[in-house]
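Could you build the full structure based on these sequences and the hints that come with them?
Chains as they are written, first to last, in this note's numbering: chain X, 18 to 175; chain V, 4 to 756.
Keep in mind the hints are simulated off the structure, nothing from the lab.
Glycine residues also receive a C-beta, built at the ideal position from the N, C-alpha and C atoms.
Everything hinted at is true.
Below, simulated DSS-like cross-link-like pairs (lysine-lysine); rule was C-alpha separation at most 25 Å, straight line:
hint : chain 1 : residue 1 : chain 2 : residue 2
1    : V       : 506       : X       : 102
2    : V       : 311       : V       : 405
3    : X       : 142       : V       : 441
4    : V       : 566       : V       : 542
5    : V       : 444       : X       : 142
6    : V       : 14        : V       : 583
7    : V       : 199       : V       : 147
8    : V       : 133       : V       : 68
9    : X       : 142       : V       : 628
10   : V       : 316       : V       : 353
11   : X       : 138       : X       : 174
12   : X       : 102       : X       : 175
Here are some, though not all, of the chain X residues that point toward chain V, as calculated from beta-carbon distances under 10 Å:
hint : residue
13   : 55
14   : 59
15   : 111
16   : 124
17   : 152
Here are some chain X residues the structure puts well away from chain V; computed CB gaps all over 10 Å:
hint : residue
18   : 22
19   : 87
20   : 170
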Amino acid sequence: MSGFLVSTKINGDAFQFACPSEETLLDSLRNRVGLTGVKEGCGTGDCGACSITLDGSLVCSCLVLAAEADGREIGTVEGLSDGMKLHPLQEKFIEHAALQCGICTPGFLISAKALLEKNPKPSEKEIRYALAGNLCRCTGYDKIVRAVQAAAKEMRKK
Amino acid sequence: MSHDTSYTKQKFKLIGSRVNRPDGIDKVTGRARYGADASAPGQLVGKVLRSPHAHALIKKIDTTKAEKLPGVKAVITSADMPDLTGGNRSMLDILENCMARGRALYDGHAVAAVAAVDEQTARQALKLIKVTYKRLPHVTDVDKAMLPGAPVIHDWVFTSGVDPKPEKASNVVQRNQFGHGDVEAGFAEADVIVEKTFKTEQTHQGYIEPHACLATVGPDGHGDLWVTTQGHFHFRQVCAALIGMDVAKLKVTSSEIGGGFGGKTHVWMEPVALVLAREANRPVKLVMSREEVFKATGPTSSTSVDVKIGAKKNGTITAAAAELRYQGGAFPGIWGMLGAMTSFACYDLKNVQSVGYDVICNRPKVAAYRAPSAPMAAFGIESTMDLVAEEIGMDPVKFRIKNAAKEGTQASYGPVYGPIGIGPTLKAAQNHPHMKAKLRKNQGRGMACGFWFNFGGQTCTDLNIGVDGTVSLAVGTVDVGGSRASLGLIAAEELGIEYEQVKVHIADTASLGHNDTTEGSRGTFSSGMATIFAARDAKDELCQRAAKMWDIPVSAVAWKEGKAVAKGKRHNNLAPLTLKEIAAKSPNTGGPIAGHNEVVADGAGVSFASHICDVEVDPETGATKVIRYTVVQDAGKAIHPDYVEGQFQGGAAQGIGWALNEEYIYGDDGLLQNAGFLDYRIPVCSDLPFIDTEILEIPNPNHPYGIRGVGETSIVPPLAAIGNAVSNAVGVRMTHVPMSPPRILKALDEAGV
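Structure below.
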């Protein structure tokens, strides 16, 4: 197998893994790094369940080759909370029942965090368009939008 | 021990509160493990080769090259999955759907499978399998499949329910008729009769998590299956039977489930994973791609429906009739029958008749999709209800209220209703501020009603009290949408303790008796019932232990608000004992304290909803936007209102997708053209408004807490509600779902608008 040795920083920690050249970052994160919080819903960049940040930019990890992550920083849902302290988005998703099955939740949290970092006071419409790349089939998005609104409010207090 | 299931008007302390779900932290931190998230030492990667043809004879499968590829540990075809069903045709259908037997019946039908050391090798092995096909004529349209000259897909299908029994095989599986009265006489009495034909296209449940499992079978014939499923006990039964294992030797664990909506009630590929694991003597992980999910799991039926309703000028319906033709995919189903049963269930009708046909086509085997078959029937009937109301010049809500079923009405499908919610949901909709809101140019409002039976079924729970007084509740109904929170509330309510003292688990098949699948909106209804009774058993035991601790007769002990209380003046010096205090002493008073219950939860109360919808249609492009949506539904009793609202909103959103955009698109070659989320577009966040909900609580008399299932009914009204809204916005009656922009423009064009 021709492959790559990929050196990354994942959720703040240095991490190295080897992978075949054609492997997606999604598959490496799940199967080689063990971060199964990153989900595969489609493998074609349509559902957003595999959303991560790469050097701070929001990407679908199924559309990135693992080799491209060499020398870069990766953020996943596993790195959202600060020790025992949940991120306000995580707290508000639970409080507002913004998840039913929960498979899309990691992707939504990463996308919503990316939104709130750029725009701390988004309108409902801005939230809806920012999250339009993440599919949820259970909730009709109602409680997700409300949870993001509540988290934004909470984060602005700080 | 039998328990009284009747509703008791109990006053609640916790039920109805919005507590945090017990699996919340796991799901927001990425720790929750779904179907594809499990691994086993030495596991192989499984992959399936699928038919590229809609219908073809499989003349030869040559696997020699694949078998020789280094790293390939097993290659199987139907020859490795012999028919052990003993003449049970419906079980053989499941086996044949998992792996084609001599004939590929649809685009995507499994033909062979491999297990290899890694993804790359497995993929390469599939390419090395040579299949020689001979293409056969195909049919994918339900009406065409019923025509006399249509290619007959199975030579063993003879239409049942017709007299005389046909001598020739056809694609029509069965005809089912429901109703009562004399519809011809009823139509003769009518002042107005409306007749119309409707079509709906095939849609998929669209759960975000693809099917996935991890299978292990040892040489001793013992196996483990970790799988994303709505019913692990059902999966155990089916898989064990199909591959010749003893039921008790196969342990099935349900993973966290990433959506199901009916699509994960059926076995699609798990026997293949087990056979691969057995052949290779290694664990095999089999995960579907999204394309495989669309092509080779069960979407819902496409349909063609004729409706005829007659009414007096005063608004009384004199007769109603429907003929419903449901495409069921490559194997027999019951979908037309269900459609016919649900058709007119909302109304009190003197003369009613509905006839359902189940039809086979070269499409994937249809599966349940949330209130299966009801939305399509409702599209036809509720659209026609609006047309009749218009003809007689009556407000469509008033027209429905006038004809609504009520307690004592004989349902069109047979039974006599107890207390039901159709009238109350209609009145709540009529009085809702949404009904009075102003509409602008190009906007229209529609409403529609919906019905679903609900189901109870076999249920079993275990409630174990730890020495520290915390409670572990093991249930066997897979949690698809937050039921663990509801069941925790029920256990805490019943025992009189805090919600936080209870932890709810979904037990595997080795740890609990059989539980029916989470379907028919039964999770909270049936496991709720079993939890109440298990808790009551535990309370009896707690009283025994308290009596022992006090050394008084158990008849002098009662359970009140989470404490054992000694009754009678003689014992008023005894301070009440809390559950925690009794539990702490349990090692010395008789050992562990537990409650247990097995029940066939009968009496699932029927469910009704009324939806209101406003849309705006762009007359240039035909694009439709839902601008306001309101769901009113009877929940019996909302145990956890957040998750009840969630079911209302989620069902409405799926219905909106179905009404406006989602459809399976087949080419003339019988191949599916849009097997991906890009081209089969489900609603995204920016497509939808907030979805308002109003929960009504008309207690189900057959449940101690009054619970009715809430999961499914919310997908029934949207097709028709949106159809009525779009028709009102553009002034042309829409009869074909989805009402996608090209279809709306065509309808406007044909009407000369």
